[in-house]
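Residue numbers (the numbering used here), protein chains in the order written: chain A, 3 to 156; chain P, 3 to 156; chain H, 3 to 156; chain X, 3 to 156; chain S, 3 to 156; chain D, 3 to 156.
Do not take every clue at face value.
Claimed, not checked - Derived coverage of chain D by chain H (criterion: at least 3 residues anywhere in the stretch with Cβ under 8 Å from a Cβ of chain H; other residues may be distant):
(1) 12 to 19
(2) 43 to 49
Unchecked claim - Capping the alpha-carbon separation at 27 Å, the derived lysine-lysine pairs in DSS-like fashion look like this:
(3) P:106 with D:12
(4) H:39 with D:12
(5) P:106 with P:39
As the list claims (entries may be wrong) - Some chain H residues close to chain S (C-beta under 7 Å, calculated; not the full set):
(6) 24
(7) 57
(8) 60
Source of the hints: derived by calculation from the structure; they are not laboratory data.
Note that the structure is predicted; figures quoted are calculated from it, not measured.
For glycine and all other residues, C-beta sits at the position ideal for the given N, C-alpha and C.
There are 6 protein chains.
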Amino acid sequence: MFTHLDDKGKAHMVDIGEKIDTVREAKAQAFIRLSEKTLNMIKDQSIPKGDIFSTSRVAGILAAKRTWELIPLTHPIPINQINIDFEIKDNGILIFSQVKTNFKTGVEMEALVAVNLAALTIYDMIKAVERGAIIEDVKLLYKSGGKSGTYEYT
Amino acid sequence: MFTHLDDKGKAHMVDIGEKIDTVREAKAQAFIRLSEKTLNMIKDQSIPKGDIFSTSRVAGILAAKRTWELIPLTHPIPINQINIDFEIKDNGILIFSQVKTNFKTGVEMEALVAVNLAALTIYDMIKAVERGAIIEDVKLLYKSGGKSGTYEYT
Amino acid sequence: MFTHLDDKGKAHMVDIGEKIDTVREAKAQAFIRLSEKTLNMIKDQSIPKGDIFSTSRVAGILAAKRTWELIPLTHPIPINQINIDFEIKDNGILIFSQVKTNFKTGVEMEALVAVNLAALTIYDMIKAVERGAIIEDVKLLYKSGGKSGTYEYT
Amino acid sequence: MFTHLDDKGKAHMVDIGEKIDTVREAKAQAFIRLSEKTLNMIKDQSIPKGDIFSTSRVAGILAAKRTWELIPLTHPIPINQINIDFEIKDNGILIFSQVKTNFKTGVEMEALVAVNLAALTIYDMIKAVERGAIIEDVKLLYKSGGKSGTYEYT
Amino acid sequence: MFTHLDDKGKAHMVDIGEKIDTVREAKAQAFIRLSEKTLNMIKDQSIPKGDIFSTSRVAGILAAKRTWELIPLTHPIPINQINIDFEIKDNGILIFSQVKTNFKTGVEMEALVAVNLAALTIYDMIKAVERGAIIEDVKLLYKSGGKSGTYEYT
Amino acid sequence: MFTHLDDKGKAHMVDIGEKIDTVREAKAQAFIRLSEKTLNMIKDQSIPKGDIFSTSRVAGILAAKRTWELIPLTHPIPINQINIDFEIKDNGILIFSQVKTNFKTGVEMEALVAVNLAALTIYDMIKAVERGAIIEDVKLLYKSGGKSGTYEYT
Chain A
3 MFTHLDDKGK AHMVDIGEKI DTVREAKAQA FIRLSEKTLN MIKDQSIPKG
53 DIFSTSRVAG ILAAKRTWEL IPLTHPIPIN QINIDFEIKD NGILIFSQVK
103 TNFKTGVEME ALVAVNLAAL TIYDMIKAVE RGAIIEDVKL LYKSGGKSGT
153 YEYT
Chain P
3 MFTHLDDKGK AHMVDIGEKI DTVREAKAQA FIRLSEKTLN MIKDQSIPKG
53 DIFSTSRVAG ILAAKRTWEL IPLTHPIPIN QINIDFEIKD NGILIFSQVK
103 TNFKTGVEME ALVAVNLAAL TIYDMIKAVE RGAIIEDVKL LYKSGGKSGT
153 YEYT
Chain H
3 MFTHLDDKGK AHMVDIGEKI DTVREAKAQA FIRLSEKTLN MIKDQSIPKG
53 DIFSTSRVAG ILAAKRTWEL IPLTHPIPIN QINIDFEIKD NGILIFSQVK
103 TNFKTGVEME ALVAVNLAAL TIYDMIKAVE RGAIIEDVKL LYKSGGKSGT
153 YEYT
Chain X
3 MFTHLDDKGK AHMVDIGEKI DTVREAKAQA FIRLSEKTLN MIKDQSIPKG
53 DIFSTSRVAG ILAAKRTWEL IPLTHPIPIN QINIDFEIKD NGILIFSQVK
103 TNFKTGVEME ALVAVNLAAL TIYDMIKAVE RGAIIEDVKL LYKSGGKSGT
153 YEYT
Chain S
3 MFTHLDDKGK AHMVDIGEKI DTVREAKAQA FIRLSEKTLN MIKDQSIPKG
53 DIFSTSRVAG ILAAKRTWEL IPLTHPIPIN QINIDFEIKD NGILIFSQVK
103 TNFKTGVEME ALVAVNLAAL TIYDMIKAVE RGAIIEDVKL LYKSGGKSGT
153 YEYT
Chain D
3 MFTHLDDKGK AHMVDIGEKI DTVREAKAQA FIRLSEKTLN MIKDQSIPKG
53 DIFSTSRVAG ILAAKRTWEL IPLTHPIPIN QINIDFEIKD NGILIFSQVK
103 TNFKTGVEME ALVAVNLAAL TIYDMIKAVE RGAIIEDVKL LYKSGGKSGT
153 YEYT
């Protein structure tokens, strides 16, 4: 009956039924480029909207859990752990995420959603001060587990 | 009673009650850097997960409408219009969004959420082919309306 | 920059910025065809999962409010009222919805989402008893307000 | 303490703790009856809101994953696969869904939510052209797995 | 790279990867204190917004399933069962919940979210009659399963 | 056709179409009773899950915006402002919220959802230390605007 099931171009959620549960981990990063003035305000905790680190950390964690609602072809995944961390650099803030599961498919998208939404939350909180901030270098740093094994960005 | 209401560092949704409804528009972009091989597969519509443009366009539109659920300190906004568009470049895909409202506060975050989630959806659909793709140059291109007037990225 | 903005086939949320707020109303219906045995269990309140009317009414109301999250190109709408009602027929249950707003665009989709999700909730609650129940005759009965004026199904 | 726990008519999520994980699959369909004029516009890709197939496919997939949020007494389910397909008929469009899991309870509701939301998305995209379109013949076609075994609509 | 991973005060989702799946159950309660007049209207089913028990029961069940979306550091959990029950007392309504899973972490938060949202829904439905109703004595009554074993409120 | 529209006991969203937009404000509180040991850990920032104030503040703000998704008969409201604040007492933490809108109906439920979810988030973060914490004295403190005017808890 599904005569067109494998049509070219047709979006579909791939079947993960044959895959097996393994421990899987993914790490990602995003960078938000900021002016010295904005960075100084962040260090002083004088950004009017409040503390950017705790707010964007919670935003990133919550969004990572909702990855399957946001990215159409992803699978709902029982996440074991999410960590988000920040490093203040000379020209911006580097955001890291780490996500773990024990499931049939990996958490790369969850790790990427976490850093993206954390970066967007920072942008929202500093945009009254610096509208031209740029998010860049958003990438998967590492993933392990599953048939394809370990990957590290080089 | 709210003795600590304006404490330094305390996250809060700012009061937009004094602002007035005006036509407001925002445009944003994101770029996803891809290998020639991946771009050729996209042009051939041979990405196994399906058509990346229609899928990521819908993902971007849906996510933009949920901006206020994802970015903690944003306000729910009655959005009038959302457009997402793509340009295939030599080294990747440029994603544009355009969002309009007639409200007390702007749609910059909605435009940025739209391009980010569209970019992440593309990443999800091509990651089996190219895990090292990078999202970059995510920025607000333009906004108009409101007290602060028109802004253009230069 | 938006060189491809009006491309044929490209999904987009249409701009409602030029439309004006008017009182708008929509009514829709769905019918779920059921066996006599199932209908008798419903009348006896002996469906094991509980009362189907109150549960599916709440499900329909909640889903109608989330229409813009579910149907990609719809606009978020400030809904003024939602009513859902049922009529037990000889061969099934007829579900009605009525939704009102005072906004730039109508609530037809909200009314249709309300009856569909109410019907699906009934199906879920009776499926242990009758797996072959059919939802049919889902249609817009009436809409008023806006430039296109009043419509009535005939 | 739970003196009223099994009261007649009380809605509750049934306990699936004693059930075992098995491969489970469900297929469902919905039909949207359309005029020849609308069908011709769909074939020409001249529906103003954009391509109805890719948009409603994504809508159906996303909604199926959120079934447990929409249908009150359903359980959250780790879905392995979702496919949605279309057949253009003389008098409308037939929509099929296929959903798989490996869990304690089946994915019948997920399959039905997928076709319903796909049908509603088509309605939304063509309603400016044909307001009187009807959704009908929404039913479970097939389910396998679990204690009750295989079911096929006849 | 995660140099600040264990910083004091940093919110994070704890790793449940080492925990094992066991049957886990939690029971919670909330009490909403109401005037005699309001209680009589509830008994008469004359609250204008409709039946408070079926509506708040559905609200509590749905919210419990979304606990991981609402409470930032909780894990998504495959819930096996949710029950909500009510006892009409002389001075208000006592709400009970019971939630079960077979997973790596417990359902205490799900049980507490269930009774809280049920209580808030009752408040919403009676607030036109009695704005000063108070929710109190919200607590975990019981939990079993997992390494920490059984807990009972005393 | 809606023959049963005003049936006794039938849940429905009341029509706010005749109401007018006015500035409306609501304040609510919740108290979470904690042991001295837990309070000392909070003051020391030694709660293992991280800073409870910033996490529960973000949780409360996000939940308040989703009130209409959680409480079945509430209307979606364009919120102008949300503030959440805390006072450390000898025997627990007092949580305050303040919500404002300019709309046809008030934000009492939003203010109550904010404090409840903030309280539940605190419970989640301290429950490894003190499982028997109790949430109590959840009430509306103040509301202004609309036909019924100003209310203050006394």
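Are the Cα positions of residue 39 (chain H) and residue 12 (chain D) separated by 27 Å at most? The hint holds at about 25 Å.
Hint check, residue 24 (chain H) versus chain S [nearest Cβ-Cβ separation less than 7 Å]: violated (27 Å)
When the nearest CB of chain S is found for residue 60 (chain H), is that gap smaller than 7 Å? holds (4 Å)
Whether chain H covers the segment 43 to 49 of chain D (at least 3 residues having a Cβ closer than 8 Å to its Cβ atoms): Coverage by chain H is violated here, the residue count being 0 at a Cβ distance below 8 Å.
Per the CB criterion, is residue 57 (chain H) less than 7 Å away from chain S? holds (6 Å)
Straight-line alpha-carbon gap residue 106 (chain P) to residue 39 (chain P), limit 27 Å: violated (46 Å)
Please count how many residues of the segment 12 to 19 of chain D have a CB within 8 Å of a CB from chain H and say whether that reaches 3. holds (count 8)
Can you confirm whether the C-alpha distance between residue 106 (chain P) and residue 12 (chain D) stays at or below 27 Å? It is violated: about 37 Å lies between the C-alpha atoms, which goes past 27 Å.
The structure fails to meet hints 2, 3, 5, 6 from the earlier list, while all remaining hints are met.
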